[in-house]
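Chain X: place on chain C using the hints.
If you're matching them up, the sequences are chains C and X in order.
For the first sequence, my numbering gives the first residue as 33, with consecutive numbering after it.
For the second sequence, my numbering gives the first residue as 6, with consecutive numbering after it.
Hint data in this document are derived by calculation from the structure and do not stem from the laboratory.
Every value quoted in this text rests on a predicted model; they were computed, and no experiment measured them.
Accuracy of the hints is not assured; some may be wrong.
[As the list claims (entries may be wrong)] FRET-style restraints, in silico, Cβ to Cβ:
(1) R90/X with Q83/C: 31 to 39 Å
(2) G33/X with T58/C: 30 to 38 Å
(3) S63/X with R104/C: 21 to 29 Å
(4) S63/X with T58/C: 32 to 40 Å
(5) G64/X with P146/C: 39 to 47 Å
(6) I10/X with A111/C: 28 to 36 Å
A virtual CB, placed ideally from N, CA and C, is assigned to each residue, including glycine.
Spelled out, the chains give:
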Amino acid sequence: KQEVTQIPAALSVPEGENLVLNCSFTDSAIYNLQWFRQDPGKGLTSLLLIQSSQREQTSGRLNASLDKSSGRSTLYIAASQPGDSATYLCAVSGFAGNNRKLIWGLGTSLAVNP
Amino acid sequence: DAGVIQSPRHEVTEMGQEVTLRCKPISGHDYLFWYRQTMMRGLELLIYFNNNVPIDDSGMPEDRFSAKMPNASFSTLKIQPSEPRDSAVYFCASTPGAANGELFFGEGSRLTVL
Numbered sequence: 033k034q035e036v037t038q039i040p041a042a043l044s045v046p047e048g049e050n051l052v053l054n055c056s057f058t059d060s061a062i063y064n065l066q067w068f069r070q071d072p073g074k075g076l077t078s079l080l081l082i083q084s085s086q087r088e089q090t091s092g093r094l095n096a097s098l099d100k101s102s103g104r105s106t107l108y109i110a111a112s113q114p115g116d117s118a119t120y121l122c123a124v125s126g127f128a129g130n131n132r133k134l135i136w137g138l139g140t141s142l143a144v145n146p
Numbered sequence: 006d007a008g009v010i011q012s013p014r015h016e017v018t019e020m021g022q023e024v025t026l027r028c029k030p031i032s033g034h035d036y037l038f039w040y041r042q043t044m045m046r047g048l049e050l051l052i053y054f055n056n057n058v059p060i061d062d063s064g065m066p067e068d069r070f071s072a073k074m075p076n077a078s079f080s081t082l083k084i085q086p087s088e089p090r091d092s093a094v095y096f097c098a099s100t101p102g103a104a105n106g107e108l109f110f111g112e113g114s115r116l117t118v119l
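Bound-form chain X, shown alone:
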């Protein structure tokens, strides 16, 4: 398997624009996570899904952020409208449903909002 695949790897946009980040989890993994990483706050869990259903979205900072998982092989994280403080690296990760819980990360999407 190719691992967790994220796109784009880098995105530079202007304040107010819509941003869509994409993730393909490892096939067969039942859980998918979206994280945000900044120097100041480290890794923050935004939302996670189990079998395509959102389980915990308490980390989504505000209504400008939304995430969907229309099927087991694809998820999106959307920011609309984007703001400079959204600049960060966004990671997608997946894990199998078994209780072991080992987490597999994508390479991340580095977002810069000007």
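Only chain C is shown next, with the shape it has when bound in the complex:
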């Protein structure tokens, strides 16, 4: 049974720091991995999606890496800003076909202090 863990559960950093959020999963047979952002009282916004054949994806100051063999993904945020404060969740999906079920971590709550 696939399980997804995110460490740390909460993180507080000063503005400008580079930081890394971690996501680990127990079953390496994944189809893709997604990172999401959730602001308080809002829905989730997809940040980056990494297919199982890929090693990383980049969008602006965000870079997500995937190491299937070790069951790990990291989300790197460069030069953090107060606007980055949110909860970040990762989710993995099984094989393609009709399977669209995602398994979710509980998220890392990030606070970037001015």
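Then chain X, alone, in the frame of chain C:
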């Protein structure tokens, strides 16, 4: 497109009452998902549809929960009778049929059962 639209945004009801949550997916998306989010359990998949057909309802907690998708642009999640432990934020999400699998969420419906 306006994105995934959910209503109501907030619902407060008394135990035993029927609750109906509504969702309009993004036009052209073949998959629709209902999730529940609580602090203790995080995001839980309740049910998902492909082309209006329920594919996996194994996450529906019990018979009090039911979901329908009468057409490609509308879905409902019904709880009857509601109980205090159903209090949560319920999210609807949709994704295109292509294998990319990026998920788009609505803003959620916050349900409080007294």
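Here is how each hint holds up against the structure:
{"no.": "1", "hint": "R90/X with Q83/C: 31 to 39 Å", "result": "38 Å, holds"}
{"no.": "2", "hint": "G33/X with T58/C: 30 to 38 Å", "result": "34 Å, holds"}
{"no.": "3", "hint": "S63/X with R104/C: 21 to 29 Å", "result": "28 Å, holds"}
{"no.": "4", "hint": "S63/X with T58/C: 32 to 40 Å", "result": "19 Å, violated"}
{"no.": "5", "hint": "G64/X with P146/C: 39 to 47 Å", "result": "40 Å, holds"}
{"no.": "6", "hint": "I10/X with A111/C: 28 to 36 Å", "result": "35 Å, holds"}
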